[in-house]
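Taking the hints into account, I'd like the entire structure generated from these sequences.
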Amino acid sequence: MYSIDADWNLEHLLTWIQSYTDEHWHIADYGTFAVLVNKIKMIYFDVASGMWVRRLEPESHYPMLGTICNFHGQLVGGNVLSDWYGCGENSVVWSEIGSFNFTPGKGNVAGFKFLPAEGEVLVVKQLGKGVVIYGSNYIYYMFPAEQTFGFQAIANYGICGRSAVAGDEHKHCFIDYSGKLRVITAELEIQDLQCRRYFYPLLDEVITVSYDPTESRFFICGETTGYVLTSDGFLAEHYQRITSIGQTDEGVVGVAKESDDKSAYFVTEILDFHSRGKKTIQALDFGLEADQECKTGVWWKNSFKDAFSPSPLTTVNNEGVAHLPVSGSDLKIAFHASDYEDISINSLRIRFKITDKRYIRSEYASSVTAGSNR
Numbered sequence: 185m186y187s188i189d190a191d192w193n194l195e196h197l198l199t200w201i202q203s204y205t206d207e208h209w210h211i212a213d214y215g216t217f218a219v220l221v222n223k224i225k226m227i228y229f230d231v232a233s234g235m236w237v238r239r240l241e242p243e244s245h246y247p248m249l250g251t252i253c254n255f256h257g258q259l260v261g262g263n264v265l266s267d268w269y270g271c272g273e274n275s276v277v278w279s280e281i282g283s284f285n286f287t288p289g290k291g292n293v294a295g296f297k298f299l300p301a302e303g304e305v306l307v308v309k310q311l312g313k314g315v316v317i318y319g320s321n322y323i324y325y326m327f328p329a330e331q332t333f334g335f336q337a338i339a340n341y342g343i344c345g346r347s348a349v350a351g352d353e354h355k356h357c358f359i360d361y362s363g364k365l366r367v368i369t370a371e372l373e374i375q376d377l378q379c380r381r382y383f384y385p386l387l388d389e390v391i392t393v394s395y396d397p398t399e400s401r402f403f404i405c406g407e408t409t410g411y412v413l414t415s416d417g418f419l420a421e422h423y424q425r426i427t428s429i430g431q432t433d434e435g436v437v438g439v440a441k442e443s444d445d446k447s448a449y450f451v452t453e454i455l456d457f458h459s460r461g462k463k464t465i466q467a468l469d470f471g472l473e474a475d476q477e478c479k480t481g482v483w484w485k486n487s488f489k490d491a492f493s494p495s496p497l498t499t500v501n502n503e504g505v506a507h508l509p510v511s512g513s514d515l516k517i518a519f520h521a522s523d524y525e526d527i528s529i530n531s532l533r534i535r536f537k538i539t540d541k542r543y544i545r546s547e548y549a550s551s552v553t554a555g556s557n558r
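Start counting at 1 in the sequence shown, then tack on 184, and there's your number in this note's numbering.
Please keep in mind that the hints were generated in silico from the structure rather than gathered at the bench.
Hints are not guaranteed to be accurate.
[To be verified] Below, computed lysine to aspartate or glutamate pairings styled on DMTMM-like, alpha-carbon distance capped at 25 Å:
#	residue 1	residue 2
1	Lys364	Glu477
2	Lys290	Glu330
3	Lys441	Glu453
4	Lys313	Glu373
5	Lys446	Asp490
6	Lys297	Glu241
7	Lys297	Glu389
8	Lys537	Glu525
9	Lys462	Glu477
10	Lys313	Glu389
11	Lys516	Asp490
12	Lys479	Glu453
13	Lys516	Glu477
This is the structure:
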């Protein structure tokens, strides 16, 4: 275990060979004090001795925990792994304020709660004015109520793992146990981003979600594939499989495994040009800056019951134009480049004609004619 300062100097803190595990570490960070847990071990900084302490067994004032976080100076933990007032995997505990003491007392400040649901607590994390409890089969919200906490059930599904949540006090992003990518706000509104087809194949891997606060983006990575979710809600595959992110004065740094494949491939949203009839895209004109060969194509379908079919990719010429007659009622534009770092697309002009005029009415019929550019 190491610490690192602003000048990137490493300081060795301790070595712990016994009971090695690759379980994700959860940390409650107070600056001068911190607690780390990973379901098997606990490490904390002992202020009195000025040393880091490692534990495999509980002590009288704290239990062994599977997850932990800092909530306004109060430690909140979940998944109790040792004997502690009958608590178990579906329990949460909280300490006295400003203290590493979880023992319930007469002041009713420290305490514990058995959640009325089956499954283990995987992550506790602050959101808004409370803490979200992410379980394997549930999601609860705990919030201050006088000197203790109240609890609210907010979802009857859980997350896929201990590293499948990231975010700040305003917003979290997580992968649920069915592979759905979801975002939850401080108002406890949960949105399904309709991306399950990308993450369901990764459920057999360890999925890690990391948050970049400088760009308000999330990296969602398995062991074989990585994705980035931008602040605008766009999802793209990423060549880095990121397992951790940190913010420094010099910018964002992280730990990642890199892929040799840095290609770019994107597909637009559905285009129907305000007509349900069949359209034929004749050419695509790109405002493009690139020092490499780029290709484009069209995904098409003629019925809402059909799946999209991709056309073969066509090379974009030196003038940024590709000729590729493709017809359909619903269309998407696809683009491919071998290295995403060496391209810049400033505009796209679509040359198309309407070949099926059955659905054209009124002003649109007089303004859009065969051969129109849109």
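Hint by hint, work out which the structure violates, then give me just those numbers in ascending order.
-> 1, 3, 5, 7, 8, 9, 10
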